[in-house]
Structure formats: C-alpha cells, structure tokens
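Trainee: Each chain, letter by letter, is given below.
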Amino acid sequence: DAKTTQPPSMDCAEGRAANLPCNHSTISGNEYVYWYRQIHSQGPQYIIHGLKNNETNEMASLIITEDRKSSTLILPHATLRDTAVYYCIVSARIGGYQKVTFGIGTKLQVIP
Amino acid sequence: KAGVTQTPRYLIKTRGQQVTLSCSPISGHRSVSWYQQTPGQGLQFLFEYFSETQRNKGNFPGRFSGRQFSNSRSEMNVSTLELGDSALYLCASSSGQGTYEQYFGPGTRLTVT
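So the sequence lines, in the order shown, correspond to chains Y and H.
Each residue of the first sequence is one higher than the last, beginning at 1300 in the working numbering.
Each residue of the second sequence is one higher than the last, beginning at 349 in the working numbering.
By construction, these hints were calculated from the structure, which means they are not laboratory data.
You may find that some hints are simply not true.
Here are some of the chain H residues that sit facing chain Y, going by a computed Cβ distance under 8 Å [unchecked claim]: (1) 391; (2) 395; (3) 453.
Pair by pair, the computed Cβ-Cβ distance ranges are [to be verified]: (4) H:428 with Y:1315: 43 to 53 Å; (5) H:410 with Y:1344: 27 to 37 Å; (6) H:368 with Y:1378: 31 to 41 Å; (7) Y:1362 with H:445: 19 to 29 Å; (8) H:365 with Y:1366: 31 to 41 Å; (9) Y:1318 with H:390: 15 to 25 Å.
Just so we're clear, the structure is a prediction, and the values are computed from it rather than from any experiment.
Backbone N, C-alpha and C fix where the C-beta goes; we use that ideal spot for every residue, glycine too.
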C-alpha cells in the first residue's frame, strides 16, 4: 500500500476553512484517496474519497493535485464539532479486496 | 438506514480467557472488516469478510479469528487473552464493491486484567 504523510497536528479558528494536507508521493494509478475522521472514543467516520478529480460533498471538499502526489481536505467553515483526528488513506481494490492502512493522522483542534 | 452496531460496547476479561465480539453491518452491505485500535499502535487491520469468506487478513496471531454469517453479521473471537489485547475493537461495513468506502461502528472497548 502507498504510504501517506500528514502533519501530526493543526489548529483552526472556528468559522474559518480548515485545510488538511496529505502527501502520497508513491500512489499508484489505481489507488483512491480516502479521508476519514475520528472524534475521541468514537469509530472513524468516512468523509470523502477521490481518484484524480476534485470532489465535494456536504461535509468537505477534496483537492487532488494533477500529479496525484498530494491532496488537501477542506472543511469550509470549521466548527468545534470538527475537532478530531483526520486520516488520509490511499488504497485500491486488488483481487477483489481492499486493504486499508491507517497512519497516525492529523489531530485538528478547532479553536473558538 | 441503521448504522453499524457492535455488541457489547464494553467488556472486562481476565488473562487467559476468550472473548467473542459481534458486529451487524449496514443493511445490504456484504463486507465486514475488523480493526484493533490501541494508543501505541493506532488503528490496525485484523481481517475482512465478504459473503462469509475471509478475503483479507492483517498481521495478527492465530488467536484472533472471525467469521461471517449468511446475513452478513460477523463475529470476532480472541482466545487466550493477553494484557496487550486490551484495545478498542472496531468493525467497519462496506458494500464490498465499487470504491469501497467503509462505515465504522462505535467499537467494543475490551479490557484484559
């Protein structure tokens, strides 16, 4: 599996956009970028995923660079409830199954 | 749709005992994956079941096993518990097809004393 690199922690002011970067320089052509977040003591929550085009849903936007070696998750208007650990994962289905490897993630602290 | 449910939510066991954890996936999902989360090792993949067959496995000893039933519900068993097995055990549900995003349950907090 391709590895990802994320900053261990970030702060963001409430109401501002939170931009969480992720480097995945060894990503393969068939690997997707997934983002999950985990609020303390809860199970991880799926946020968004993409292959090469930028994606947006009700929770966030995902910007993937043209060379696909990095991506940014954008929370447009961060709230205190967005305080969580955010995981960036790259993975592909190989032989009908997918192995998901979580790194240490980025601990986002939204500040009032 | 109802989310992923896991039972029990909390469990205390003694070293040497065995334990069985249960997971009910989202209706219509055929894939169930299990993860172990500890402060020191983070989230680690245990195994995945799809249509009652284990199709992927992480690097855990044989004391960790699982199974999936025809209704896609899954159980995970840990035998001969060790203190290091204390962790949050998470179950994730997926359709098992397409782009494969996973939906996690709240987890079972296992404490081994």
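Trainee: All hints are to be evaluated individually against the structure, with a verdict given for each.
Mentor: Consistency of the hints with the structure:
{"no.": "1", "hint": "391", "verdict": "holds (4 Å)"}
{"no.": "2", "hint": "395", "verdict": "violated (10 Å)"}
{"no.": "3", "hint": "453", "verdict": "holds (5 Å)"}
{"no.": "4", "hint": "H:428 with Y:1315: 43 to 53 Å", "verdict": "holds (51 Å)"}
{"no.": "5", "hint": "H:410 with Y:1344: 27 to 37 Å", "verdict": "holds (31 Å)"}
{"no.": "6", "hint": "H:368 with Y:1378: 31 to 41 Å", "verdict": "holds (39 Å)"}
{"no.": "7", "hint": "Y:1362 with H:445: 19 to 29 Å", "verdict": "holds (27 Å)"}
{"no.": "8", "hint": "H:365 with Y:1366: 31 to 41 Å", "verdict": "violated (52 Å)"}
{"no.": "9", "hint": "Y:1318 with H:390: 15 to 25 Å", "verdict": "holds (23 Å)"}
Of the hints listed earlier, those the structure fails to meet are numbers 2 and 8, in rising order.
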